[in-house]
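Trainee: So you can see what is in the structure, the chains are spelled out below.
There are 4 protein chains.
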Amino acid sequence: VTGPCAGLAGSGAAASLCSGPAAPSLAMEELLSRSVPPLPPYETREKAPPPAELRSAEFMRSYRALEAGPPRAELLARLARDFGVDHGRVAEFSAKVLQAREQQREPGALLQAEDRLRYYLSPRYRGLFQHLGRLEGGLRFLMELRGDLVEALAARHAEGPHVREMNGTLKSMLSEWFSTGFLNLERVTWQSPCEVLQKISDSEAVHPVRNWIDMKRRVGSYRRCYFFAHCAIPREPLIVLHVALTNEISSSIQAIVKEVPPLETEDMNKITTAIFYSISLTQQGLQGVELGTHLIKRVVKELQGEFPQIKVFSSLSPIPGFTKWLIGLLSSQTKEQGRNELFTDAECKEISEITGDPAAEKLKRLLTNNEWPPKL
Amino acid sequence: VTGPCAGLAGSGAAASLCSGPAAPSLAMEELLSRSVPPLPPYETREKAPPPAELRSAEFMRSYRALEAGPPRAELLARLARDFGVDHGRVAEFSAKVLQAREQQREPGALLQAEDRLRYYLSPRYRGLFQHLGRLEGGLRFLMELRGDLVEALAARHAEGPHVREMNGTLKSMLSEWFSTGFLNLERVTWQSPCEVLQKISDSEAVHPVRNWIDMKRRVGSYRRCYFFAHCAIPREPLIVLHVALTNEISSSIQAIVKEVPPLETEDMNKITTAIFYSISLTQQGLQGVELGTHLIKRVVKELQGEFPQIKVFSSLSPIPGFTKWLIGLLSSQTKEQGRNELFTDAECKEISEITGDPAAEKLKRLLTNNEWPPKL
Amino acid sequence: VTGPCAGLAGSGAAASLCSGPAAPSLAMEELLSRSVPPLPPYETREKAPPPAELRSAEFMRSYRALEAGPPRAELLARLARDFGVDHGRVAEFSAKVLQAREQQREPGALLQAEDRLRYYLSPRYRGLFQHLGRLEGGLRFLMELRGDLVEALAARHAEGPHVREMNGTLKSMLSEWFSTGFLNLERVTWQSPCEVLQKISDSEAVHPVRNWIDMKRRVGSYRRCYFFAHCAIPREPLIVLHVALTNEISSSIQAIVKEVPPLETEDMNKITTAIFYSISLTQQGLQGVELGTHLIKRVVKELQGEFPQIKVFSSLSPIPGFTKWLIGLLSSQTKEQGRNELFTDAECKEISEITGDPAAEKLKRLLTNNEWPPKL
Amino acid sequence: VTGPCAGLAGSGAAASLCSGPAAPSLAMEELLSRSVPPLPPYETREKAPPPAELRSAEFMRSYRALEAGPPRAELLARLARDFGVDHGRVAEFSAKVLQAREQQREPGALLQAEDRLRYYLSPRYRGLFQHLGRLEGGLRFLMELRGDLVEALAARHAEGPHVREMNGTLKSMLSEWFSTGFLNLERVTWQSPCEVLQKISDSEAVHPVRNWIDMKRRVGSYRRCYFFAHCAIPREPLIVLHVALTNEISSSIQAIVKEVPPLETEDMNKITTAIFYSISLTQQGLQGVELGTHLIKRVVKELQGEFPQIKVFSSLSPIPGFTKWLIGLLSSQTKEQGRNELFTDAECKEISEITGDPAAEKLKRLLTNNEWPPKL
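Protein chains in written order, with our numbering: chain A, 1 to 376; chain B, 1 to 376; chain C, 1 to 376; chain D, 1 to 376.
Keep in mind that a hint or two might mislead.
Which copy is meant is left open, because identical chains are indistinguishable; a pair holds if it fits in one copy or across any two.
Said to hold, decoys possible - Derived PhoX-like pairs: lysine-lysine, alpha-carbon spacing no greater than 25 Å straight-line:
{"id": "1", "residue 1": "297", "residue 2": "171"}
{"id": "2", "residue 1": "297", "residue 2": "349"}
{"id": "3", "residue 1": "47", "residue 2": "297"}
{"id": "4", "residue 1": "301", "residue 2": "270"}
{"id": "5", "residue 1": "171", "residue 2": "47"}
{"id": "6", "residue 1": "216", "residue 2": "199"}
Just so you know, the hints here were simulated from the structure itself, not pulled from any lab data.
Can you make the complete structure from the sequences, with help from the hints?
Mentor: In structure tokens:
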């Protein structure tokens, strides 16, 4: 199955999106027309009928029934293109603002002209997003939808200025809604729900969690693990920070991730340094929403309260995905035997002599089995 | 003590606002200049330095140190007037939008021109409000500040289009932040914290709570009391709804408020009707933010889940403040013996004959001692 | 209505207890026979059938349907008299123990003879109490039943060595079950459930709570209120302790109970002394179970943790009921004008001269309106 | 290191138990003398000084510092032997009871004689256990101590009638304290704390949990997992019950433990049968305390509430350890080739012909790799 209908099988709600070759487009258009509320005239905006909850709910269901990837990207692109700003109105009221300014009428007149212009500069899809945000589970849905949008832009399944503008609008709406005023700092321990620990384990991008013993250690003594959760979506880690409590700045991340911290009770006197050794955004839909620095600041405050003696706060700055990228590069080079842009011939030779293996092969193996630094 | 400095005694934070006759204005100006973040140029808006948390916190402290009433109203009026939109920029970019449209360049150019215009249409105080919203306790502060603003407008301590515009901006920001997606429905029972019950008792505008026995009854059997709380401000009732569960639509509110519902366990078979007999907004700062209809809808859903047999949902629509207004009118008439616009002479005479008292006097007494309908 | 059947009207479960003049005794006997499990022979005690849950539940219902006072006292007296120890068996196995000791057989034989004797020394009603304790709500029921028993003994509605023995058995069982290992210390604040605050208010024996403002003050700043709750009966205050945090040992309880402590935040530097000014057992069924000293010890530990600077822990030892007794005495004297054992004639005269009232009258009024020390 | 001192290194509290060859006995004796409270005379038992909390706490520490196994067993044996019943007193008061009965004095006299006898029949170590039970963490400690005692009896590290009697006393005390009135039923889900899930996983005796995916499945849809926790030791599973919700009585446990239940939401219509497929006591110290049948009854009630349509409650009765025993038997037979008590020669031959392997070998392999029923 291909095309925007793949994955809709069995979904009653979205069935209409997939009734024939030409149908998807038509069905999508109908769905969007029904879901996106019209912009009422400025004058009667306060008296506009209440949001049609059922319509927004239908959009949510239909969207989720669409397969991830191109089908959703297509819907989002249409929404961005066909339900944005009414440029005619914007031009009309831009002219009015200029006119009001030139006529130098009383301030109220100018302010109102500006307000009307501001009103019409709001894209229609903003209304849809607002209605969705009010539904039960709506905030989470918008976070997921933005995740799809970010991915679609990256994969070029959706492009162009309209899509980018919608992405910006959504990012700024999420920034308002995921403002620090709404975020709760939560500490993860072995007493936390398994579901939370599993999510954190799954999302660990920098230093993958190998197993549950590993996870238990990362929330055990001489370690801290915190996350931000939105007050309306409790227990859902949005961004996660791992901290090691040590008595020196570690020279190597491996010492932190691999070595077993003592299981005994923490000795306050041995803790002088806090090392932020890993931070992961678990929700791609929140990309660009400032969460990381807020989380670090908040955790610093938390730790200062618990350990007034900590004087050094440090971070090990890893490059997430570096290993993966390097393995990919090594793989492609292994295939195309001739090319080797990573090492000089002399280096290759030297490595092979020491390890008894071709350089790229050896390196690839070391990186793959997660045993770095290697026990040669 | 009068003037904007009344109430600042002993407040170090706000002391600078009150050092002399001319000082307040100057001090206020300085506070505002420090607190309201400048609008960075559109091009570098993403790279703008992080919000100065200390500045926003200082504003919060200084504002709270100001006495309620005119002093706060003056500060708010200045904020509205001096830190709004840069009209020059708006005009400049309005012209650019018109130009882009006329030149019919690729869509990206027009969209960007519009976005730049949108950006400059945002008043500077919006930035302050956003920063405040991120502080701990910031949301609650903004709610209080808006409460002051609403009151200042009503009392005409602050007026004019700028103030009205700021009021609108704040209302729309609060509407985003107090969207139903962030509101939790909570039921009040005798197991709820005393603090919550006291707040609800204090806020009851329609049918004042007489004492704790009265309050216990309103959350006891055959009664329900619900409120919306914001997920970031737990246990703070924003808007409260009282419900009576009966077997008929009451012809009189008194039957509900005064009569003692049986203390025994509720008999499901006797419950066929839910009467919403009182709704009170406890936070004036949320005036105009659509909460009431959402609360009623949400409670209907809740009750339908608990009592599927309820077929009638009704509301007794009282006119809050009507009694108070009527007593005031009667008082003024009692003083100016001659004037009587409420009853005809014949009516007055008739009432006096039945009750043995002058009509206005009798009516006033009945209304005052809360014993309506009167036991003649 | 009098006799053991008063209060049974409409109670199906207990209806059989009340069908005629002679019936109650018969019905009670039947109920007890059904409810009190027989003591299985020592040899097969481990294989005894599981407790008849329904029987114990029936006893609970029937007991509760009985009116408080004499009817319950009668049932308890019967239970104590007819379902105690089998004296024949006890004698039989006492003899066996003596015999085993004289024969100087291997230690196992003596130990077993003693164990058998121990077994038969357990009164049969103990089995009923054990079964009741296993029911949902059973622990609370036993606490109430013991409360009735204590009251019945005090009022002489039930007397004699059997009743006293049962009282001792029940007290020792409750002592095991209400051991400190099962008690949680809970602090009462204005955030506690209204139900808890009302219970504490109702149980305050020493310094009656006058109203809710009074209550709010007793859990506010410079005050602490703690209680013990059983882990299986959460939020039910068993014994309550009120503490005042001051900077000196108060010379008068009135200063603590009447004077308004500052509402502001507590100033740690002003707190050097903790005064336990009131302690109340809320459950009469726990009389004689050591709770008071444990509670005070536990609270001292708690306060030492919160206020390391507190050096003085003091208690004001009031005589509960003293005021009531004094008012009663004064009343009787007022009636019988001639007799006056409280003051000499000279004292009476002196008091009258100062206050302008007869001495006893004046004193009575002062004590009654709770305005002591009087504002002369 | 051997002897009762092994494992005491570095433990200050217990250091005195281990200062030389003869010392342990002496040190143990001293510890016991200090810790076990003397039995005050019957007449003054109510006025006995309050329990020496520090002494009990010292015992707890010293005991825990002892190595598990023989050292603890020795201490327990001494406690049982030297701090039991005063046989002289028991004999004395047994005689008094006989005398009272013969003299036929008023009932009070006999009751008191019996009560005195009952009092002296209580072993002294009972007092220690009672004091321990009052400490913070004391209940858990007693549970562990009984676990050691049960093990010591099984391993014959401690034996004899005194030890057995102490075991019985402790069991009966724990039965009072772990009565169903104090137990809370808790359901385990993927939202439960990891610590709880790990404990349950570790304690699963019947069908070992293979990994976390396995565990997630056992608490997921069409499965239930419940445990009893004591109200004073929250979140500590004492006994665990696993349930499968199916539409038929499974003919094989493997279908339940191995097959993956659908991850989708449970379909009420497919659930007609509840199969209790595993029950595990996690605390050996509670052996003999009736928990299993209570747990099953309670869960049946719970499930009847949630699924009124369930008509069949069934249990698969596995024999824990059967597989292990069988593998052991097969191993010993494989070694001693000649002997084979499991199968007749004809059976062996038949099996070999079908499977192509020697019967015992094949069977052993099937049982070992957990793949039963085998996919031949």
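Trainee: Take the hints in turn and mark each one as holding or not.
Mentor: Structure-based check of all given hints:
no., hint, result
1, 297 / 171, "within (22 Å within a copy, 30 Å between copies)"
2, 297 / 349, "neither (47 Å within a copy, 73 Å between copies)"
3, 47 / 297, "between (43 Å within a copy, 19 Å between copies)"
4, 301 / 270, "within (20 Å within a copy, 29 Å between copies)"
5, 171 / 47, "between (28 Å within a copy, 15 Å between copies)"
6, 216 / 199, "both (14 Å within a copy, 13 Å between copies)"
Hint violations for this structure: number 2 only, all remaining hints satisfied.
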